[in-house]
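Asks: Sequence:
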Amino acid sequence: MTFNFLRLSGIISCLSIIWGASGQTTSLAPKKFLSIPLGGIRPTGWLLDQLMVQTNGLAGHEHEFYDYVSQTDWVGGTSYYSSLEEAGSYWFNAMVPNGILANNSAINAKTSAFLSYVLSHQDSTGWFGPEVGTTKPRYLWGRYPFMFGAIQMTEFNPALTDQVVTALYKFVNLANTMLKSNNTGVEAWTQTRWEDFVMTLQWLYDNHPNGTASQALLIDTMERLKWTGVPWEKVFSQQYFPTTAVEHIPNPFNLPLTWHGVNMAEGLKALPATYRFTHNQSDLDTASQGWDLLFQYHGRPSGIYAADEYLAGLEAIRGTELCLVVETMFSGSFLYQVIGDPKFPDRVERIAYNALPGTLTGNMWSRQYLQQQNQIAAKNMSTNPFANDGPYSNVFGLEPNYPCCTVNHPQGWPKFITNAFVTTPDNLSLVHLYLGPFSTSVTLGSGNAVTANVATLYPFSDTVTTTITAKATFTYFVRIPSWVVGGTIAINGAAAKALAPVNGLQSVTVSAGTTTFVLQLPAPITTETRPHGAIAVHRGPLHYAFDIPRTTKVLATNAQQPLAQDLEFDAAANWQYAIDPATFKFSSSPPTSGILPSPIFDSGLTPLKITVNACLINWAIAGPTFAASPPTTPACTGANTTITLTPYGATKLRISEFPVLTKPL
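Throughout the sequence shown, residue numbering follows mature numbering (1 follows the signal peptide of the UniProt record, and there is no 0), covering -23 to -1, 1 to 642 in sequence.
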């Protein structure tokens, strides 16, 4: 059955305008949790080091040599890779928080100059971007990442408020007029990514409503964006959701981009954003259901889902795009703020500590376009398993396959950090959401100045120590992940007590002065059933894989920046192992200095490992450089041995979905 959403959306658009005019929707539903402005949360310890690895790597140097940034037409240059004009705005959105959190003056100067140029060149119609003064087509989508970046800069530096808010309202007025004029500026990508604009409109409504006329304009624009865009409530419904790789099934919406992996990652924000102006519980129910369907039918043990351009099912050799990884992390944070279900931060944390680092080299100078769960080579795949992507998609390099991930991937770590804490809507409580080493300083309601310092090697340790200083008594919450078994809390040196989280949150009563508490968060080794009888291995937030020894060949070196290289990795040892899951043994070797090696997500540097009995088996090659599906009835062809599994994020060639031996070793 084909769903003609364009025709229906036009009808609903008219109804929604009448609905808005009648006054039935005149306000936004509140969120369950509120974000903290950029700069209020800082990384410390190993997480600060990881951000500095990114800053000292490709992300932090693109403005010096990478034409799509250094010569971007967003600030008067001539370089762009698409008429969508997203290259410069992607970079800006990512590097605003990166530069501020890393205290990098060079990056901060570049992002400040970027903002100043764009705002000073806004034309009389309200349009901003590289199309000003040209005959280029004017598509709305490319502005959305820029607006996210501008909002972050304004939250960090309130002196920019008047300038940024005025410019945004000028653009909103123009966009509203364009939408009324036969949806001018709306092409296929804008149809799928309208939710990003809605989030900007909601930021204006929440923080700078500017009176009833402006509020009405904002809500009217939200409605028009939704009803001229992809109907995500249908896409994420049980009725229409694809349960297999989509390359051989018809798209019921006559718009293949609905099943595009990155569009779906961004589309995860659509229904919680919609709920805020419709107040319909069904929007939240479908958002939650869609999240579950996505990971049920396309999920990966690394936390993410498969889409080598389009949804790709469960096979271990299918790919996941880097842009998809960082966009899903951001969407999961927003979903939690609106819905409050702990399943969202559980998964975001798993993605951050597995899928994100697993698709970049340890020094973060080279990135993949697609990562695989079972990845036995990263090289030219003249025959490849990806239905819609090219043979260099899993090479680690400057811009393999498409350049979008080069400019977009740096948002991953900074936005993970900036969403690590939230407050309750009454602003009376602070909530620690993503576990890791952080410091935060906020002023809660009634002028209660609070600082929280979290000292931990988590996820490379089970111990999390938090020291809080507060002006007045308040309730502090910390998320307890679902994988914790037998966790305890000890407050101010008292005896440890069993954790008792409610909806994933452990409450701690913090008195005026200083309070210190220690969490112990043990987790068992668990396995996840995968296709063909294979299993994946987890402990806590970390997914474990066999790190295949590799050879490295430099395919290309950038002429302006020799550290930016395209790298080919090939297996240098056997990888065709089946395992006996009854023999798992976990061990930890914490550094005596208390400081983790850097870069921590590199082969052999993590302090955790799981050993397991294994043997070599016959495991075919499906193509020149990729493995066949794991054998369903493996038989040993070699002697019994012990192999070591390490955190997935530190592996670049790997087996992470293993055949299981039917007879114990």
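Just so you know, these hints were derived from the structure itself, not from any lab. Mixed in with the good hints, there may be bad ones.
What the hints assert, rightly or not - Restraint ranges, calculated between C-beta atoms of paired labels, are given here:
1. 598 x 510: 54 to 64 Å
2. 187 x 510: 33 to 43 Å
3. 233 x 560: 22 to 32 Å
4. 534 x 564: 38 to 48 Å
5. 559 x 462: 16 to 26 Å
6. 139 x 423: 41 to 51 Å
7. 187 x 564: 12 to 22 Å
8. 462 x 560: 48 to 58 Å
To be verified - 20 Å max Cα-Cα, derived SDA-like pairs, lysine to any residue:
9. 586 x 620
10. 9 x 480
11. 448 x 485
12. 640 x 569
13. 356 x 480
14. 9 x 448
Idealized CB from N, CA, C, for every residue including glycine.
Asks: Please flag the earlier hints that this structure goes against, numbers listed from lowest up.
Replies: 1, 2, 3, 6, 7, 8, 12, 13, 14
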